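J.: Below, each chain spelled out in residue letters.
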Amino acid sequence: MIAVQTDDVDIGDLIHRAKQPGAGAIVLFDGIVRDDDITEMELEAYEDIAIKKLEQIAERARHLYHLLSVDIIHRTGRLKVGENILVILVSAGHRKGAYEGSRYILETIKAEVPVWKKELRRDGNHWVPGEYPHNTGNIPLNEEL
Amino acid sequence: MIAVQTDDVDIGDLIHRAKQPGAGAIVLFDGIVRDDDITEMELEAYEDIAIKKLEQIAERARHLYHLLSVDIIHRTGRLKVGENILVILVSAGHRKGAYEGSRYILETIKAEVPVWKKELRRDGNHWVPGEYPHNTGNIPLNEEL
Amino acid sequence: MKVRIRFFARFRELLGSEIMEEITKGTSLAELVRIIALRRSREGYDALFDRGGTFHPFVIIMRNGVRLSPPEAEHVQVSEGDDIAIFPPVAGG
Amino acid sequence: MKVRIRFFARFRELLGSEIMEEITKGTSLAELVRIIALRRSREGYDALFDRGGTFHPFVIIMRNGVRLSPPEAEHVQVSEGDDIAIFPPVAGG
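Residue numbers (this note's numbering), protein chains in the order written: chain A, 78 to 222; chain B, 78 to 222; chain C, 4 to 96; chain D, 4 to 96.
To be clear, the hints were calculated from the coordinates, so they are not data collected in a lab.
Since this is a predicted model, take the numbers as computed values, not measurements.
Incorrect hints may have been included.
Only pairs whose alpha carbons sit at most 30 Å apart, straight line, appear in this in silico DSBU-like list of lysine-lysine [to be verified]:
{"id": "1", "chain 1": "B", "residue 1": "Lys129", "chain 2": "B", "residue 2": "Lys173"}
{"id": "2", "chain 1": "B", "residue 1": "Lys129", "chain 2": "A", "residue 2": "Lys157"}
{"id": "3", "chain 1": "A", "residue 1": "Lys96", "chain 2": "B", "residue 2": "Lys187"}
{"id": "4", "chain 1": "B", "residue 1": "Lys173", "chain 2": "A", "residue 2": "Lys96"}
{"id": "5", "chain 1": "B", "residue 1": "Lys96", "chain 2": "A", "residue 2": "Lys195"}
{"id": "6", "chain 1": "B", "residue 1": "Lys173", "chain 2": "A", "residue 2": "Lys195"}
Just chain A, same shape as in the assembly (with noise of 0.2 Å):
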């Protein structure tokens, strides 16, 4: 499953039909809104290029790390503190695929996929610089998604 939604999601679910044959390593990252001082987290998607490169990205991650299932679920909308922004499932063989993977995963969606965060704060809101700022978005030049 590749997604950006609003509605939250079951990760249970996700953990229960990531088992499929020859797993034996499943990794969940799950990224979820902190208390630094915010009320409420605004998330906003150019959503079909965003799909587009989430599901470039798993096809990537699942033939580099022979992963045997991905799923990516990217939230947007208002969040709350402690509720889930962004959860990555990954099933694997072996730990070190399904570790690695989720993490190339993670790296390459905070660097490529068209998603904003502004901080709503007591004090004033407050968009969340990029984490790669210059090179920004890492979408490659001139490539078709």
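Once you've looked at the hints, dock chains B, C and D against the given chain A.
T.: Relative to chain A, chains B, C and D alone:
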């Protein structure tokens, strides 16, 4: 929660409880019984030492990777294909500590915690050899646990 | 000739989310964005362009799902039905 | 003098899981395990010791929760109430 037990564990509940103040990243590792031509897996532990070791590893990881919470559940007894063997759940402020802390815990468990696995196959049973054969267990010499 | 321009995040707040624009043939992508930005908000214009009127290097420009560099945006002419997106560095995850 | 010896995994299958043993003072840990292993199963003895009668280097020996090396096990004398555990390389996770 640190445990060596025959019962399964509710991962959804662990995730829910790991969402504590300061947490921005949760990483779950779930090691499951892989269908390598086996019918079942039988796990055995030197329980008192295994629990002390898990507690020691959790404490070390918490300190080294600034983890906010650590849960480790290692199962024993007979497990079917797809069942959870080892569940490691960590939360941290940021993704780096969460991933690295999780991996550290897993590798240290594999090297230091007295647990053994026997594969039950149609063509006979087979003890899984340790991955750290000579430096066995890496349980330090002359160290009180 | 009709094209669609979308802005995201901070740029959306300054310039609006989606604009359908009627333009004359031969207009470059950068020129089109300059025209729209100037018309809508000085602050929005400054968020996208430097004093010389060229895109800040961190601005991401896409046309029909393909990313273009700021210099390319100066040369590329927009075509009927083009879908243009302009956004700041991504910060998801 | 009473001590408890526990074997795990493959060693348990060959030698039994838990043995309470009455021994004379001054017996070394290695000697105690040799006596028990020889009495119980030749295959079990060979799993723990080489032809010269010394522990295989991969055998893990613990006394009261403290790990001892095979040479240390030759010198350490067991004491009343000692809890000894002998096991192969760990393979959990």
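J.: Now, for every hint given, state plainly whether the structure supports it.
T.: These are the hints, each one checked on the structure:
{"no.": "1", "hint": "B:Lys129 to B:Lys173", "verdict": "holds (27 Å)"}
{"no.": "2", "hint": "B:Lys129 to A:Lys157", "verdict": "violated (37 Å)"}
{"no.": "3", "hint": "A:Lys96 to B:Lys187", "verdict": "holds (22 Å)"}
{"no.": "4", "hint": "B:Lys173 to A:Lys96", "verdict": "holds (26 Å)"}
{"no.": "5", "hint": "B:Lys96 to A:Lys195", "verdict": "holds (21 Å)"}
{"no.": "6", "hint": "B:Lys173 to A:Lys195", "verdict": "holds (22 Å)"}
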